[in-house]
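J.: Sequence:
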Amino acid sequence: MTRVMMAGVLAVMVAIGTGVPVWAGEEDGSQIKIVSPENGAVVKGDMLELKYELAKGQHATHAHVYLDGQYQKGFSGTFKGLAPGKHEIKVVAANHDHKALAAEAVVTVDVQ
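Numbered per numbering that gives the first Met the number 0, the sequence shown finishes at 111, counting up by one with no gaps.
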């Protein structure tokens, strides 16, 4: 049992060192595409509308939206009050229990 645990710990340490996601969500066949904004888009002003498409797999029921790594609870489709600078937007498929699945899409925008 100890060898199995050590092998698991070693695998996690190797994944962390290589940049591979360590705790990736379940792969269920879902797919997400961010339609707008495009990756690298320059945004004028402090508002930004997000449009994405979610092709639900076996377990996906909805998607979670993150701005700069922060979950946007109750996201309505528009970011408001964005500070100037680069921002990362991530959309992740989730199941009915709100657990993240493997499908995700990420874009970076530059707010001016």
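The hints are simulated quantities; they were obtained by calculation from the structure and are not laboratory data.
Treat the hints with care, since some could be wrong.
To be verified - The calculated DSS-like cross-link candidates involving lysine-lysine, where the alpha carbons are at most 30 angstroms apart (straight line), are:
#1 55 with 79
#2 98 with 55
#3 50 with 72
#4 32 with 50
#5 43 with 98
#6 72 with 85
#7 43 with 89
#8 79 with 98
J.: For each hint, tell me whether it holds in the structure or not.
T.: A quick look at each hint next to the structure:
1. Using a Cα cut-off of 30 angstroms, the hinted pair residue 55 and residue 79 holds, with the two alpha carbons roughly 28 angstroms apart.
2. Annotation: proposed proximity of residue 98 to residue 55 holds, straight-line Cα distance about 14 angstroms (limit 30 angstroms).
3. Note on residue 50 and residue 72: the hinted pairing holds, with a Cα-Cα distance of about 16 angstroms set against a maximum of 30 angstroms.
4. For the hint linking residue 32 to residue 50, the alpha-carbon distance of about 9 angstroms falls within 30 angstroms, and the restraint holds.
5. A hinted pair counts as satisfied when its Cα atoms are at most 30 angstroms apart, and residue 43 with residue 98 does not qualify at roughly 34 angstroms.
6. Restraint check: the Cα-Cα separation between residue 72 and residue 85 comes to about 21 angstroms, which is no more than 30 angstroms; the hinted pair holds.
7. Distance check on the hinted pair: residue 43 and residue 89 sit about 20 angstroms apart at the alpha-carbon level, within 30 angstroms; holds.
8. The hinted pair formed by residue 79 and residue 98 meets the criterion: a straight-line CA distance of about 26 angstroms does not exceed 30 angstroms.
Consistency note: the structure conflicts with earlier hint 5 alone.
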